[in-house]
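Novice: Residue numbers (numbering that gives the first Met the number 0), protein chains in the order written: chain Z, 0 to 487; chain D, 0 to 94; chain W, 0 to 484.
Note that these hints are calculated values from the structure, not bench results.
Predicted, not measured: the structure shown is a model, and the values here were computed from it.
Treat each hint with caution, since some may be false.
Residues from chain Z that face chain D, not an exhaustive set, calculated with beta carbons under 10 Å [what the hints assert, rightly or not]: (1) Tyr8; (2) Phe57; (3) Lys66; (4) Asn93.
A virtual CB, placed ideally from N, CA and C, is assigned to each residue, including glycine.
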Amino acid sequence: MNKEKFDYYIKKNSNIYEVIIGLEVHAQVLSKSKLFSGSPTVFGAKPNINVSLVDAAFPGMLPVINKFCVEQAVKTGLGLNAKINLFSVFDRKNYFYADLPQGYQISQYKNPIVGEGVVVLDMPYGTKKIGIERLHLEQDAGKSIHDLDPNCTYVDLNRSGVALMEIVSKPDLRSPEEVNAYIKKIRSIMRYLGTCDGNMQEGSLRADVNVSVRLVGDNNFGTRCEIKNVNSIKFMQIAIEHEANRQVDEIENGKKIDQETRLFDSKKNITRSMRTKEDAHDYRYFPDPDLLPLRLEQSLIDNLKKDLPELPDEKKERFIKEHNLSAYEANILVSEKEISDYYEEVIKNSDKKLATNWITGDLFAVLNKKNISISESPVGAKNLSSLINMISSGKISGRIAKEVFEIMQEKNQNPKQIVESKGLIQQSDPKKLEKIILEVLSNNKDKVEQYKSGKVKLFGFFVGQVMKVSDGKANPQLVNEILKNKLK
Amino acid sequence: MSIDQKTVKYIAKLARISINEKKAKNLANDLTNIFKFIEKLNKLDTKNIEPLTSIAETKLHLREDNIKDANIRDQILENSPEKNKEYFVVPKVIE
Amino acid sequence: MSEIIKLTLNELVAGIKKKKFSSHEVTKDFVNRCIKSKKLNSFITDNFDNALKISKKFEIKSNQNKQLPGIPFAVKDLFCTKGIKTTAGSKILNNFIPSYESTVTQNIWNEGAILLGKLNCDEFAMGSSNETSFFGNVENPVGKKLVPGGSSGGSASALAANLTPATIGTDTGGSIRQPASFTGTVGLKPTYGSCSRWGIVAFASSLDQAGPMTKNVKDCALLFQVMSSYDQKDSTSVNFTRERYSEKLNQNIKGMNIGIPKEYRVEGMPSDIEKLWKQGIEYIKNSGANIVDITLPHTNYALPTYYIVAPAEASSNLARYDGVKYGLRTDGNNLIDMYEKTRSEGFGDEVKRRIMIGTYVLSSGYYDAYYLKAQKVRKLIKSDFDTAFDKVDAILTPSTPTSAFKIGEKTNDPVSMYLNDIFTVPVNLAGLPAISIPGGHDEKGFPLGLQIIGKAFEEQTILNVAYCLEQKINFKNQIKDWWLK
């Protein structure tokens, strides 16, 4: 499979363009308190409740770094197969805004905590490696609320100072599909690690998208534009498509692309140039003199590495090798930590193949229909395991199991209870089955004759009749065996 | 190096300080003189010198992830120029 | 005139502990004197009523183990004091009342002292003469219309005028030592990281240090002992074993090596200063210590370095004064307009100048040539001292290139004002401790200071050297109380 193959081109006037995309993902660190202060990070609190004197930048206040946030960044770096920098520096990024109380953001400029890494995407055309440029820690800003009052802006500093990991990709992405896969992969890795909950609705995962275009075959990068304010993967894809096409149109019309920041307008599905008064965003980065450089011990990194949970890529390989799953099946099962947790719970006591089929088939169908995630699944892992075991032991047939599964969805009932209370246990007594089969055969002598003279399709008819008589409880394999025998 | 009024106005903009023409002129003079004085440093060859990263002779203290300060909204807002029980209030931002 | 106000800090502590006089008596005397001394303009905010109330309730019985029991104590208005207006000498904080107490002042109140009031200072600690304060100039009790030095001008003035038995200031480029020199008092800038910066209005984070300002070295040691602590809320605070400095104070400096840096002998230095320095050198020799000639080759680059690093950090530290959360707000048509008007109205000229310098040296295209360069030179300056301290235990220099000048004499020329700090600034750049003690008077009868610089965290050494010198010099200030009503 050609690993470089991608089919996202923009064709115009017999020119073919490819799209170059880089992403800057901002992921809120899952920690109890903020990066440089001891106030809480909980989402949804009343305005300015989660704010300390340090967050509000009162005179004389000073930052003190949160060890846990540092560890979370290191873990994420390890999950991205990246180099952990033992020496890193916190710099001030200076600018004025209402939700930036210090008048600067503490970030990392030239010496980030994590260096280059790589993320592997599973695309329909094969795997693709996306390079990570770096990951650094920085403070989140507060929130400016413009629509509570026509004449003023309200500022809530709850979010001010929350730890963010900024993950910068190399410009290796080539299509909205790859962007989708990339975000989902990074999100999944962080959820596996427990370093970020990846909740885009609540804003704990945000991204800025850099887009440029170039003629296929050209080795130089075109001028890129940055798109801000996209808060869902769907919008990101729309924004990229629109922006790429806009750029192609401009170039085809002989215009040059201005390097600028654009805002995504989700109502009109277009990107707009941000009209800023000053063109210069001179951030005047310099090392924060209230802090010292961060020097990590290799032993800390090694210990964190040792304690890392199994990550999606490793888990996938293991499922393929040890559980004999196909790449496709394994992919689905590891795509979310909750799914792999569910699967691994089920297979503790149940057949892996059946578990895979039931989860990726029947269970997912239900989840998709109800538009819920596996953590909200109406059928719990233990009960599904129970159901599967009844199939394996022959207690019920696969067909009956589907019926039981339907009933289980209502209250996550124990399938054993359902089967017993409804008398759905499979009939596997050969003597009893034989009796039923003989009865069916004797009631359909003409068809038996036809079968014996060559109409083999009638086998299915006989099976059907046996099922009917037995209320579907006859053990299909045994029926097949005995029927074959009797029709000889 | 001489600092002209245009530069002064640009810096003032970055620093969010409004200055009038007269002030800009005076500042341009003052800053030019100060920079003449500062530029003494150019005489020194520092090619192979590492910049100072910190003067504090200690390691960066890493604190535990505990919640220490919460729910002090009254204190946070009490010095606010525009009185409001929940928010800081500022003139509309033009985006 | 009350004799109580002339007593040293140690004498007052002993007196209160022995019940020779009560905290209330002491406080009353100081308050009365303060009220009569408004001409000096040393205070921005007084806490007299409160102080009197608290001192009245003060009982020594339960406070015998405190180090500053019932002592009335004024502090520089750069320290955030809970419930008491804290202005940093600026219009932009003219109405700011902190809901928190700085670590250093809390340490002082924990030892039983009582806040007398907040002392005037140069705006945001930027200045060498206390002429940039929004609250007006401070006068030096040494003589009419003389500057007390800065930025801790109000502190030095109040101390020298016996309005407070001791006080604290902050020193970023000399702001404790230079006013100490100008007023004939003692001022110590501790090693960087020795006193917590938490709750002190920040000027230049990598240079600021709080320190004691007292009438003599013994008081200085006591006050330093109270102030210095390890504070986890300040990431630049250093956790080292802090001595009982006042108990270990010792005049014996036999066998010590005291360095004399040749670069401090500047061209055109007034002969008074040369004389004083020579005298100090003699006293050192007489005490059995050795005089060693040393070189600090990059001394001349210290001031330019300082005037890049300090404004750069200040320009960023002062960005929070934007009219949004606290302090002055001047209305504007929109947010940016509000920022610009507020900061233009709220900051004085010197502060604006320094913010502009700082913004410029950090700006794109200039960072390498200025800020980065300055940080490299700073490394060289520190190395100079490290090398010198291989050979010596302390360094003796003058504190200031002149004695107190007249109010208004240097305000038109920022650069000539900056030159006041020529002997003090290298110390801040290197993060070392240094103390200024009165060395004598110049021809005009104004005090001049001698500075002793020490190795990092070796305040005991410089206190001891200072103590020894102090005894030999036997300085008596000639202040005449001319300002009293």
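Novice: Tell me, in ascending order, the numbers of any earlier hints that this structure violates.
Specialist: The structure breaks only hint 1.
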